[in-house]
Amino acid sequence: MSQIELVLFLESAVRLGIPLALAAMGETITERSGVINIGLEGSIIAGALGGALGALAFDGAGLGVMVGALAGLTVALVFAVFAIGLGADQIITGTAVTIGGLGMTGAVYQARFGATGTELSLPTLAPLAIPGLSDIPIVGSALFAQAPTAYVAYVMAPVAWYVLFRTPWGLELRATGEAPTAAEAAGVRVRTVRFAATLFGGAMAGIAGAHLALAHAGTFAENMSAGKGFIAIAVVVLGRWNPILVLFAALFFGAASALQFFLQALGFDLAYQIFLAFPYVLTLAALAGWVGKSRAPAALALPWEPHR
Amino acid sequence: MPVTSTFRVWSSWRARTKAASVSEPLVRLRGVQRRFGQVHALTGADLDLFAGEVHGVLGANGAGKSTLFNVLGGLLAPDGGTIHVDGVPVSLASPRDAWALRIGLVHQHFTLVPALSVRENLALGTRGRSLDEIGQAVEATMDRTGLRVPLDATVASIGVGDRQRTEILKTLLRDPTVLVLDEPTAVLTPEEVSGLFQLLRDLAGEGRAVALVAHKLDEVLAVSDRLTVLREGRTVLAAHRNDVSARGLVVAMVGDGIADEMALGVHVDAPTGAGAGAAAASRPEVETDPEARQVVAQLSGVCGERLENVTLDVRAGEVLGVAGVEGNGQHELALVLSGRRPPAMGRAEVPDEVAYIPQDRRTEGLVSEFDLTENIALGLARLDRFGSGWLMPWDAMGEEAERIRTRFQVAAPSTATLASALSGGNQQRVIIGRELALGAPMLVAENPTRGLDVAAAAYVHGELERLAAEGVAIVLISTDLDEVLGLAERVVVMSRGHVIDVPADERTRAGVGALMLSGGGEVA
Chain A
1 MSQIELVLFL ESAVRLGIPL ALAAMGETIT ERSGVINIGL EGSIIAGALG GALGALAFDG
61 AGLGVMVGAL AGLTVALVFA VFAIGLGADQ IITGTAVTIG GLGMTGAVYQ ARFGATGTEL
121 SLPTLAPLAI PGLSDIPIVG SALFAQAPTA YVAYVMAPVA WYVLFRTPWG LELRATGEAP
181 TAAEAAGVRV RTVRFAATLF GGAMAGIAGA HLALAHAGTF AENMSAGKGF IAIAVVVLGR
241 WNPILVLFAA LFFGAASALQ FFLQALGFDL AYQIFLAFPY VLTLAALAGW VGKSRAPAAL
301 ALPWEPHR
Chain B
309 MPVTSTFRVW SSWRARTKAA SVSEPLVRLR GVQRRFGQVH ALTGADLDLF AGEVHGVLGA
369 NGAGKSTLFN VLGGLLAPDG GTIHVDGVPV SLASPRDAWA LRIGLVHQHF TLVPALSVRE
429 NLALGTRGRS LDEIGQAVEA TMDRTGLRVP LDATVASIGV GDRQRTEILK TLLRDPTVLV
489 LDEPTAVLTP EEVSGLFQLL RDLAGEGRAV ALVAHKLDEV LAVSDRLTVL REGRTVLAAH
549 RNDVSARGLV VAMVGDGIAD EMALGVHVDA PTGAGAGAAA ASRPEVETDP EARQVVAQLS
609 GVCGERLENV TLDVRAGEVL GVAGVEGNGQ HELALVLSGR RPPAMGRAEV PDEVAYIPQD
669 RRTEGLVSEF DLTENIALGL ARLDRFGSGW LMPWDAMGEE AERIRTRFQV AAPSTATLAS
729 ALSGGNQQRV IIGRELALGA PMLVAENPTR GLDVAAAAYV HGELERLAAE GVAIVLISTD
789 LDEVLGLAER VVVMSRGHVI DVPADERTRA GVGALMLSGG GEVA
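Here the protein sequences come in this chain order: A and B.
Residue numbers for the first sequence follow my numbering, beginning at 1 and rising by one.
Residue numbers for the second sequence follow my numbering, beginning at 309 and rising by one.
One should not assume that every hint holds.
[To be verified] Beyond 12 Å from chain A on every Cβ pair, some chain B residues (computed):
id : residue
1  : G381
2  : W407
3  : N429
4  : L432
5  : D440
6  : A448
7  : L459
8  : E491
9  : L511
10 : A656
11 : P659
12 : G732
13 : G779
14 : P811
[As the list claims (entries may be wrong)] Stretch-level coverage of chain A by chain B, calculated; a stretch enters the list once three of its residues show a Cβ under 8 Å from a Cβ in chain B:
id : segment
15 : 18-28
16 : 172-179
[To be verified] The following label-pair restraints were derived from C-beta to C-beta distances:
id : chain 1 : residue 1 : chain 2 : residue 2 : range
17 : A       : L77       : B       : D788      : 49 to 59 Å
18 : B       : L699      : A       : V108      : 49 to 59 Å
19 : A       : L133      : B       : P422      : 27 to 37 Å
Because the hints were derived from the structure by calculation, they are not lab data.
Quantities reported herein were computed from a predicted structural model and do not represent experimental measurements.
Just so you know, even glycine gets a beta-carbon here, dropped at the ideal spot from N, CA and C.
This is chain B alone, in the form it adopts within the complex:
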């Protein structure tokens, strides 16, 4: 069934569960909210877990999947919403509470003690039993599940796969009724993944409820009975696996804009993974004026953390858009392109000086407790034109800061204003002003308008276009598809560390959106 409206699936599913309310869910979450400072991680998440099912939870990075699971595991207290277990309203104030209700969470991070052995970590998870007692239980569980780990090695000395297996074993040893797994497959080999999925099916067959987050759509579809999709902290779709297509799930994850386009039939054919050669042929405008478009940066066969054989040219005067679901290697690409991280493998030729607009203004861009002059000096003082480098040229820095403040219309009373006192838009103006003062031939911008209001975003966009017109090479990395499509002449998608060229005729929100989620594979 092709899905045209997320709302329709949602409401029809609700109607169906109402009709068949004979089987109460083991766990029912309604309207769960959770804020971290100013960030709303969950704004209204619903989740039902039934005994005997494997339930897949999907969503882009930052959609709130991990937060939701941490709430279920008692690690995070929700700010609002209700949780029912077996029909009884409960409060999960600590992991102890969750365990008392036999909810077991396999964490994505940080719950093994590196200095302790695997055996000790497993014993820690089962509290109160001695190491000898635990040994037998561990052997039995390892035999039953086929998950094998080196018991006497310290966790610090074992690899990520073994750590993941240890996490899963630790949770299973406590015999949970509700098993919740946050990204258990990311570090396992394909064979291990299929073994794990078989195990999850068996556990569900024993009458447990199993909930699972995984990034890879095909994996989730392969193992789940029912699915819940989160977007921006909210449940946007909950459906039986047979009632929803992979395309429908993609739509639910990416958002209404694309959903509308797809519903209107603007561009429904999913693109297949386009090879770089084919894409280059369909990009005539690059070849027409090679003089003005000399290559400024060149990556060939670059591998590294989250980067898989990346080959990419960036040319003067172009805006190269890099789209993708967050966490697919864009940040690492930005670090390599801006010369801040050398590639582990392959060749990266980048200019000596690259302007860089980082995505997190507050932690990467500016020092909050420094004033404007100090922040400007931090980026510019080492430039030759400001002197020998032995003494901080405060006078010149003050002048430069004042120039940037006026030129970029920073709404600050003076250059002695602390960065923390500025709004996000004004902070971004300071960063842009500083980076432009570098006079670099290339600018790498990562989500440069995230969190800015419309006017501030338009200002940033205008600056990027002006720079490109002046011949600066711009790499615009953004998870906002509209931004990429609106500004970039050439678009690539990053998926699982690969860079995929988007042919000119696929440069629509639907086409790029589908590539973002499928990684160039077929979307059913």
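Chain A with its partners taken away, still in its complex shape:
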């Protein structure tokens, strides 16, 4: 493997890992509050469409990302109203939100751009090279010459870690996910915390979606989220609900996805579908506990209502 190939591999690994990192970071916060948002995929696809429409409307990719975040948050709000407000089953609600999100975005896209799927040309998020850091040999350009949304993920990891483990707010969030009744007894508004954590997760997934549309593809396509919401949930498990480990886990998954291009480029004589399947096999392995002993928040996925 030449150095150029290695740099290319690392670059695509990071590029593919960033949307996973953004979505998984948000989901980490959501799950720490005791809510598993299977509807993440719906927020991502909504974020992609919102990002595309926003970038067109305001003629700027930055504002597109904002609209994408808002779209992801809105989808999460639907999930939260049912799963937290009404105490519905989180898995079923999340599944419905994912299917609904995929369907709705497809419908809106066709209504706006026609059933034939006019090729959209969007303002894109140009890579932003960090002076100095991007000149580091081999890893520099891979990590520090990425779209601006990548830096959101880098910054968010330590910030989320600090909030979770070093602030009273994070303590209340974790207590809510571990023992909601105990948290309530301590004066924490359990459902408010869960709502906030879920909306944050939705907004992050929305940014991830906007990143897909504006930094990767430069266009929107139906179902372009391609299961990234579910992979992000596996990334949370692999990262043991710790934002910093989650960032690395996301980059690891990105590398797994990048491997397919790379191995094909190296001329491995295998059906490319096998490489395509690799990240999903890895997802299954992570969810099956291959990551070793890690413990989910004790109250994860359990609806909670004040027993009064």
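Keeping the supplied structure of chain A fixed, place chain B upon it in accordance with the hints.
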């Protein structure tokens, strides 16, 4: 002052507080009610807490003490009644509301987060302060109170005593004006208990109001200035500590029936803890016919959860009554006797097949959403006489269910009726029918008539007596003294896991009632 009527104490106390209304209580609860589904946990509880006092709240299990305290702590919303704090009517809709009024509740259960460290749990209780800030406050409070806990261990890894101390510290850190403690002593050592009580006295001395629930009468008497007794969700007595005897409190807790007997002087001498040997000597009828009364089950030195060195014989054809305040180990005894739980220590020889009538029909006895045939099959299908066990013998089960339905006069249109559609009495008939079909040499029944109407209860009693006459050994565990005394030839009391034999001449409601509450110790 010996108390002869709970009403008199109550009314005289009311008169006195009216006369001395210069000092308003910090907290005043009146007629508080709370229902859980069909269960009335509180039907009319009153409680006054004054600044500077330690107030003991007494009552048997299920009397509503914890519910009342949870209402005070804002964890449970009452269905009725009023709450005044400092003379102002308030609503305690959440723990936040209670804290805003500086009412701090030390919970009996579930308010620590196992996955978090002790320090984090303490910080959670004080909301908004950082972990470093909280560290200093915790050190200061630990020094002041003498309660020490390992701050960096996770709650999951520490013992119950440390958890209890953590709960108390957590509440004290928020500096409550009204401190409410639900069973804080159950898991502490005697030295720790006296340390805690000294602390409570000091806190009251600072002008706070302290309210406390504890099971042990002597403990409550030792620390309290005033006392409130709850029975069946209602306040039946409120008095200054000096105005009431331990006996009077026992009477208030157990009920009017015993109170009447005591008032009439039927049997006022409190029995002392009778040793098993002495009791055996005063039980001649057992020895007279040893042939018919062979030992069916034998426990010796059995220890385990809520069981302390239990030694007990159960003989064929006898009804052995087990009395006691709920939660003193009767349920655990039933599990061991029926072979459903092996003892942690000691020897338990019980028959292979034991019929068991559990106390909670709906959750332990029957599957509500199964029909009669399915419920019968659940208990009987594994018996050899129904075949190999590879296929469910539905035909035989249907016949058996039909036989039980007719034989035990279950008021159900058919065997396809769901258990949830039956009344409590009919559910009990199904269970009895099923358990009798086992043909077991021993039957363990736990509160078999609880919640049944008079006719249904009489039916159950008749069945138990008929079985005993047929030579089945019956263990009747009941918190209903009348039931135990009416049916049992031999009576034991369970208290704090110990089994105490009741001599024949103590087999009165007053005698057994006093043993139930004192655990064989002296009642003043």
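How the hints compare with the structure:
1. G381: violated (7 Å)
2. W407: Since the minimum Cβ distance to chain A is about 6 Å, B/W407 lies within 12 Å and the statement is violated.
3. N429: Check fails; 8 Å does not lie beyond 12 Å.
4. L432: Answer for B/L432: violated, closest chain A Cβ roughly 5 Å.
5. D440: Given that some Cβ of chain A is not farther than 12 Å from that of B/D440, nearest at about 10 Å, it is violated.
6. A448: holds (19 Å)
7. L459: About 14 Å separates B/L459 from the closest Cβ of chain A, which puts it past 12 Å; holds.
8. E491: holds (16 Å)
9. L511: Given a closest Cβ separation of 20 Å, the condition holds.
10. A656: Holds: least Cβ distance 35 Å, greater than 12 Å.
11. P659: holds (41 Å)
12. G732: For B/G732, whose nearest Cβ neighbour in chain A is about 24 Å away, the distance exceeds 12 Å, so it holds.
13. G779: holds (48 Å)
14. P811: holds (46 Å)
15. 18-28: Since three or more residues must qualify, the claim that chain B covers the segment 18-28 of chain A is violated, with 0 doing so at under 8 Å.
16. 172-179: holds (count 5)
17. A/L77 with B/D788: 49 to 59 Å: At roughly 54 Å between Cβ atoms, B/D788 and A/L77 fall inside 49 to 59 Å, so the hint holds.
18. B/L699 with A/V108: 49 to 59 Å: holds (56 Å)
19. A/L133 with B/P422: 27 to 37 Å: Violated, since A/L133 and B/P422 (Cβ atoms, about 42 Å apart) do not stay within the stated range.
In summary, the structure is inconsistent with hints 1, 2, 3, 4, 5, 15 and 19 from the numbered list given earlier, while agreeing with the others.
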